[in-house]
Structures are given as structure tokens and as C-alpha cells.
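Asks: Listed here are the chains, written in short residue letters.
There are 2 protein chains.
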Amino acid sequence: MLKASYLCARCLVDQATHALELAVEDPGERLSIMRGVVDLLHKDYPERIPAEIGTMVHRYVMERSGKDPYASLKMKSNEAALMITSRMRRENLTLRKVVLSAIAGNAIDFGVDGSRDALHSLEEQLQKGLAIDHFNRFEAEVGRAESILYLTDNCGEIAFDQLLVEYLVGHGKEVTVSPKQEPILNDATVQDLISLGFGRMEGIIPHARNAIGLMLSEASGEFMKVWDRADLVIAKGMGHFETLYGTDKNIAYLLKAKCIPVAKSLGVEQGDHVLTF
Amino acid sequence: MLKASYLCARCLVDQATHALELAVEDPGERLSIMRGVVDLLHKDYPERIPAEIGTMVHRYVMERSGKDPYASLKMKSNEAALMITSRMRRENLTLRKVVLSAIAGNAIDFGVDGSRDALHSLEEQLQKGLAIDHFNRFEAEVGRAESILYLTDNCGEIAFDQLLVEYLVGHGKEVTVSPKQEPILNDATVQDLISLGFGRMEGIIPHARNAIGLMLSEASGEFMKVWDRADLVIAKGMGHFETLYGTDKNIAYLLKAKCIPVAKSLGVEQGDHVLTF
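These protein sequence lines map, in sequence, to chains X and Y.
Once you know that position 263 of the first sequence is 263 in my numbering, the rest is easy, because the numbers rise by one and skip nothing.
Once you know that position 219 of the second sequence is 219 in my numbering, the rest is easy, because the numbers rise by one and skip nothing.
These aren't lab readings, by the way, just hints derived from the structure by calculation.
Careful, some of the hints might be misleading.
Which copy? The list can't say, so a pair holds if one copy fits it or any two copies do.
Straight-line Cα separation of at most 30 Å, DSSO-like style, residue types lysine-lysine; simulated pairs [what the hints assert, rightly or not]:
1) Lys128 with Lys225
2) Lys3 with Lys97
3) Lys3 with Lys173
4) Lys43 with Lys3
5) Lys128 with Lys3
6) Lys43 with Lys76
7) Lys43 with Lys67
8) Lys173 with Lys264
9) Lys67 with Lys264
10) Lys128 with Lys43
11) Lys3 with Lys76
12) Lys67 with Lys97
13) Lys43 with Lys225
14) Lys76 with Lys225
15) Lys67 with Lys128
16) Lys76 with Lys249
17) Lys67 with Lys249
18) Lys67 with Lys225
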């Protein structure tokens, strides 16, 4: 599990600032909510995992504002990603190609400054190789696995996840896809997946009401049954890496290392794409 | 006096991050100090003036690290600015020209993200006009004043202040220049002024041990005598505007509105140059 860095304080306050600007108009209300965000930081920073503090911060901004700040951006991300994936479906898609795309799709993230413009550079992201490349093991694990649990991350990105899930289902795997039940940041929800056509071939079981990454302590009994049964877990994004790395489970992490603390803990450069176990 | 905005939290944590990266190598020590910075924010945000919270933050980083993070950058700023002012001295300098230069010099600031590269754009800053232009009143006040108190802000900038102070002294004014006693951020200290040749024609009396802006409650008795006696106060930079605006004193504020909260409170755009009373 990832420990907080001195850099996480700035990132968390930056995330709260961005969410507030999307969800709240009144300057006084923004200030009052930011005061509460500082309280949350004071309570949990740096003891908890950054993704967990981020969860608390985004839940708080949504509760106080009564709004989902990212609803409209999420829709735009899906539309932009679908434009690309509908074109890709006409090509001959190998496992490696869909895996690389799923990792590139992780560039779409409104939680991290520098990744908010990723929609414009998606094509560029798709050309990028892997700084850590455990594809051979991944391919072997997929070959062996009967039951696969797929933990999704952001909207937009889920269009690329869909290609990978389709590939797995098409090769006879039993796949359960696990998003969030309700909105947090730009994470995909059950409803977001259904809108994209997930659920026709695979099961959807959310692992949390709303959370960045996966906190096993908050997961439902229904989810834990799938978790226990899965031969392979495919975990998308930094949040899952932050909260699950080191867990005694066969987990493939597919992510773009968007921040310096995560990049350092993986021994890669910020911005690198990673497939690791 | 300027009230804190929701944006100030991000800026204050950003300032602490920048100072830590300059002063401290060890990641664990950086994190521990950042934890203390969050404590300071929790204690005073948003009740106190942003410049006052910034003062607490920078004092704390210096105390914990035992270092002045900006020592080397301050020297570089002075050198870069002196290159320009030594060229300017050969020209025919009007009061308006030196005032505009002193305001443009305020662009040099390592406390505000976006102003840290100002050294490269100094020439550009010098071409910029005033979004609030009370020069006519300023000229009249200077004409009337016998005793002028000049509150300096950043290093680098002080080379341009020097041109204005020379002009005032050359026109028979009694000028006292007031920096900080000890380092904070990139603010000029007594020693920085002496190095540049201040003090040959005018008095130097610091107004605080170290502080962003001017907290009258912390000022020395010696300073307060000059303050009370001054017919005109020339206050450089956002910190003085934040801490003094609304004070019952004849104060000319010369500044670049580097952040959105200060720009909004002045009714100008971020980045605008201002001469106001």
C-alpha cells in the first residue's frame, strides 16, 4: 500500500479546488467547504493512503455541495473514447494491443493536474510503450484463469476496458466487472458501465458505494465472494495500486503513473505506462 | 485587509512544497514538515489574512529545516535585475518610468506559482501598462511629502525600487526604506538592501524580524515612529496590500496582482499591474 508523500498534500488540495470550481458557484460556500477539506487533511494526512484521503475529500465536497462535480466531464470522456474504440473494433485486436489501450486510457483522469487535458492527447498515449512490461506473465495468467475480476477506474477509460473485457469473454473467460455504485471523482459507476453496453456478457458487481481505489474493509459480502473466487484480478489505475499493492492476491496492475509518488514507488518516471503484478 | 479565498489553501500548500524542495533533501523530513504545515493551515485558515498564514508557513519551514530556502534564488534575482537597472540608469528616467519599473519588478516572486519564471520575462513586464493608474495622485503626493516610508518586497525587485528611491532622494525627499530584518520567502532583508547600495542616502529600518507584508502588531517601536511621521507610505507587493489595505494611513500600493483573490479584490485581471491608494 502506498504511503503518503509530502507531494500528496498539494495534490489533494488541488483536487478539492478543482471539484469545488465545478460543483459550487458561491465563493463563500467554496471557502467554507475548503475549510472542511483542510480539517479532513488535518485528521488523516499523512497516516492514511492518499487514495483513501482523496475518497474522504471527494465524498465531502459532494455531500456539502449536493452535486456530482464530474457528471458532465465523465460523459464527454466516454464520448471521446468511444470515437476511438469504435474505430479500433474494425482492426485485428491482439491481447497486447487491447491491454496497451486499456493502460493508455488510464491517462483520462480529472483528479490529477496534468491529466485533465488527456482527452486531447489520447492518440499519443496509445502509441506509448510500457516502462514495466509484465505482459508475458499477464498473457499466461489470462490463459490459466477461469474466473477474472476486473476493477475499473475512470470514465472514458472504460471504453478501452470494454475492448479488453470483450477479448477475455470472447476467449471463454468468466469476467466480473467491478466499478463503483455511486459517483466519486470521474470513476465509472454501474450506470456508466451499463450505458456503454457492459453487462450484456459479463456480471457487474460494484465494490464500494463510492471510493477511489478499493478499500477491502468497505467492500460488500457479494463482492468479497467474487474477490475470493477470482483466479486473476485486473486492477486499473493508481487508486487500486495505492490501496491493494502488497495484498495477498493475484493482481495485475494496469496504470499510467500520473503522479511522482506513485511513479517513484514503481521505480518509473512520471507519465510512464505500467503493467505489473 | 484581504480575506482568504478558497484558492489560498492550494497556494499556501504549493508555497510550502516549493520551499521544502529547495531546503530539504530527505523525503521523510519533507513529509514530516508538510504535516506541520497542514497543522498550521488547520489552525489559521481561513480566519487570518493569507499573507499572515504564509508568514507562519515560511517561518515554520525555515525553523524545521534550519535553512533559508531562497538564499540562492534571491541572489540570482538581484543579479538579473541589476543587469537591467544599470542599463536604465543611462537613460533619462522620469518619475512615471521608475514607478512603472518598480511595479514591473514585483513580478519577481518565488512565492506564487506562475511568477517563478518571471526572471525570463522581466523585459516584457517592463512594457506593461497599469490596470489601475493613480499616477497623477501619486505624483502630487510625492510633491507634497517631506517624509516618505518605502516598504520593500522581494529581492530582484529591490533593484528597481532603488531607481525610485534614488529619484525621490534626488528630489529632496527624506526616504526611509523598510525591508525585513531576517529572510522570509524571497523578501529583501536589511543585508540585501545594503549589498545593493541602499543606505548611502537613506535610512533603513526593518519593520519586522521576518514577515510577508507588514503586521503592525509585530512592528518595532523604532519603525512605528517612522510610520507615524511619514507623509506618504509606498508599499510594494501583494503582502503589504493584504495586510495594510484599509489602514488609516496615506499609502500608495505598487504591485502586480499575481493571484486571483488579490486581482478580484482590486477588480483587475490576474497579472495586471496596479498603482492605487
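Asks: None of the hints should be skipped; say for each whether it holds.
Replies: Now for the hints, and whether the structure bears them out:
1. Lys128 with Lys225: neither (36 Å within a copy, 66 Å between copies)
2. Lys3 with Lys97: Neither: 32 Å inside a chain and 53 Å across chains, both beyond 30 Å.
3. Lys3 with Lys173: neither (35 Å within a copy, 59 Å between copies)
4. Lys43 with Lys3: Result: close both inside a copy and across copies, 16 Å intra and 25 Å inter.
5. Lys128 with Lys3: within (28 Å within a copy, 46 Å between copies)
6. Lys43 with Lys76: neither (35 Å within a copy, 40 Å between copies)
7. Lys43 with Lys67: both (24 Å within a copy, 28 Å between copies)
8. Lys173 with Lys264: neither (34 Å within a copy, 58 Å between copies)
9. Lys67 with Lys264: Answer is between: at 26 Å across copies they meet the 30 Å cutoff, but 34 Å inside does not.
10. Lys128 with Lys43: For Lys128 and Lys43, neither the intra-copy (39 Å) nor the inter-copy (45 Å) Cα distance is at most 30 Å.
11. Lys3 with Lys76: neither (33 Å within a copy, 36 Å between copies)
12. Lys67 with Lys97: Neither way: Lys67 and Lys97 sit 37 Å apart in one copy and 51 Å across, limit 30 Å.
13. Lys43 with Lys225: neither (33 Å within a copy, 45 Å between copies)
14. Lys76 with Lys225: neither (34 Å within a copy, 62 Å between copies)
15. Lys67 with Lys128: So Lys67 and Lys128 fail the 30 Å test inside a copy (36 Å) and across (41 Å) alike.
16. Lys76 with Lys249: neither (34 Å within a copy, 53 Å between copies)
17. Lys67 with Lys249: neither (36 Å within a copy, 45 Å between copies)
18. Lys67 with Lys225: neither (32 Å within a copy, 54 Å between copies)
Checked against the numbered hints given earlier, this structure breaks hints 1, 2, 3, 6, 8, 10, 11, 12, 13, 14, 15, 16, 17, 18; the rest are met.
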